[in-house]
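**Student:** Build the full structure now, drawing on both the sequences and the hints.
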Amino acid sequence: MSREDFPALLVGLNPAWIGFLDQLAKPGALDTDDRGKKVFRVYRGGDLDVTNALHYYPLCPHCLENPPLSEDGTVGRVEAGPDGAISPNSNAGILKPAIAMHAEPLDERVKERAEMAIDEAGKLLVLGSNLSTTPAWNLVERARARQSARDVYWDPERWGSLR
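Per the working numbering, numbering through the sequence shown is continuous, rising by one, with the last residue being 163.
The set of hints was computed from the structure by calculation and includes no laboratory data. All C-beta atoms, glycine included, are put in the ideal place defined by N, C-alpha and C. Among the clues, some could well be false.
Stated by the list, open to error - Quick list of the computed label-pair ranges, beta carbon to beta carbon:
{"hint": "1", "residue 1": "Gly73", "residue 2": "Lys26", "range": "47 to 57 Å"}
{"hint": "2", "residue 1": "Pro135", "residue 2": "Pro27", "range": "33 to 43 Å"}
{"hint": "3", "residue 1": "Asp83", "residue 2": "Glu4", "range": "42 to 52 Å"}
{"hint": "4", "residue 1": "Pro88", "residue 2": "Leu10", "range": "15 to 25 Å"}
{"hint": "5", "residue 1": "Arg3", "residue 2": "Arg109", "range": "13 to 23 Å"}
{"hint": "6", "residue 1": "Gly73", "residue 2": "Ala25", "range": "49 to 59 Å"}
{"hint": "7", "residue 1": "Asn91", "residue 2": "Glu112", "range": "21 to 31 Å"}
Stated by the list, open to error - Taking lysine to aspartate or glutamate and the DMTMM-like style, the derived pairs with C-alpha atoms no more than 25 Å apart in a straight line are:
{"hint": "8", "residue 1": "Lys111", "residue 2": "Asp83"}
{"hint": "9", "residue 1": "Lys96", "residue 2": "Asp119"}
{"hint": "10", "residue 1": "Lys96", "residue 2": "Glu108"}
{"hint": "11", "residue 1": "Lys96", "residue 2": "Glu65"}
{"hint": "12", "residue 1": "Lys96", "residue 2": "Glu120"}
{"hint": "13", "residue 1": "Lys96", "residue 2": "Asp83"}
{"hint": "14", "residue 1": "Lys96", "residue 2": "Glu79"}
{"hint": "15", "residue 1": "Lys96", "residue 2": "Asp107"}
{"hint": "16", "residue 1": "Lys26", "residue 2": "Glu4"}
**Tutor:** Structure (structure tokens):
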């Protein structure tokens with residue numbers, strides 16, 4: 001599946017999310033602690049808690065044709081629901097971009113490539129990150145130890161104090 005087609009697939013599975021941006025633009029959507037009025041809350045790690053929102057995940061087309069093996073060697077179950085999203089009966093086959101989500105283990109190859117990039121960089125500039133995940137913080141610490149990250153620009157009102 002192409003990078004261009006993926007957003008359209010998500011919108012097709014989650015049409016209610018189109019209205020989410022309209023709700024977000026309403027006065028008070030971001031300025032209240034009343035869960036009935038607030039559209040979402042952003043946590044320090046960047047995770048969103050979206051009010052009354054379900055999100056449906058697409059199937060991995062490759063996994064649908066070739067179900068992966070589980071750790072115990074059994075063939076995974078990959079089924080589509082009536083809307084084309086992954087069925088709750090599935091135990092494998094969610095289409096997920098190759099990114100590590102908060103609290104997920106980082107693939108060792110990704111970690112090694114990131115560390116190599118830090119080691120080869122002359123300087124490191126961090127903007128717009130709260131560095132709340134340990135892998136992100138460790139990369140900055142690695143750069144600081146190499147003297148390539150001397151300044152980190154930080155908004156303590158938004159992200160809290162540096163570690």
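**Student:** So, for every hint listed, does it hold in this structure?
**Tutor:** Tested hints:
1. A C-beta distance of roughly 51 Å is found between Gly73 and Lys26, which places it inside the suggested range of 47 to 57 Å.
2. At about 38 Å, the CB distance of Pro135 to Pro27 agrees with the hint of 33 to 43 Å.
3. Between Asp83 and Glu4 the beta carbon distance is about 22 Å. The supplied range of 42 to 52 Å is therefore violated.
4. The supplied range of 15 to 25 Å is met by Pro88 and Leu10, whose beta-carbon atoms lie about 18 Å from each other.
5. For the hinted restraint 13 to 23 Å between Arg3 and Arg109, the CB-CB distance of approximately 21 Å keeps it satisfied.
6. In this structure, Gly73 and Ala25 meet the distance hint of 49 to 59 Å, their C-beta atoms being roughly 50 Å apart.
7. Look at Asn91 against Glu112: about 30 Å separates their beta carbons, and that is inside 21 to 31 Å.
8. As the CA atoms of Lys111 and Asp83 are separated by approximately 36 Å, the hinted pair breaks the 25 Å bound.
9. Distance check on the hinted pair: Lys96 and Asp119 sit about 29 Å apart at the alpha-carbon level, beyond 25 Å; violated.
10. Taking the CA atoms of Lys96 and Glu108, the gap is about 18 Å. The hint holds against a cut of 25 Å.
11. A distance of roughly 16 Å separates the Cα atoms of Lys96 and Glu65; the hinted pair therefore holds under the 25 Å criterion.
12. Our distance criterion of 25 Å between C-alpha atoms is broken by Lys96 and Glu120, whose separation comes to about 29 Å.
13. Between Lys96 and Asp83 the CA atoms are separated by roughly 18 Å; this keeps the pair inside 25 Å, and the hint holds.
14. Restraint check for Lys96 and Glu79: satisfied, since their Cα atoms lie roughly 16 Å apart, inside the 25 Å limit.
15. A distance of roughly 14 Å separates the Cα atoms of Lys96 and Asp107; the hinted pair therefore holds under the 25 Å criterion.
16. At roughly 29 Å between alpha-carbon atoms, Lys26 and Glu4 are farther apart than 25 Å, so this suggested pair is violated.
Hint check: violations occur at hints 3, 8, 9, 12 and 16; the rest are consistent with the structure.
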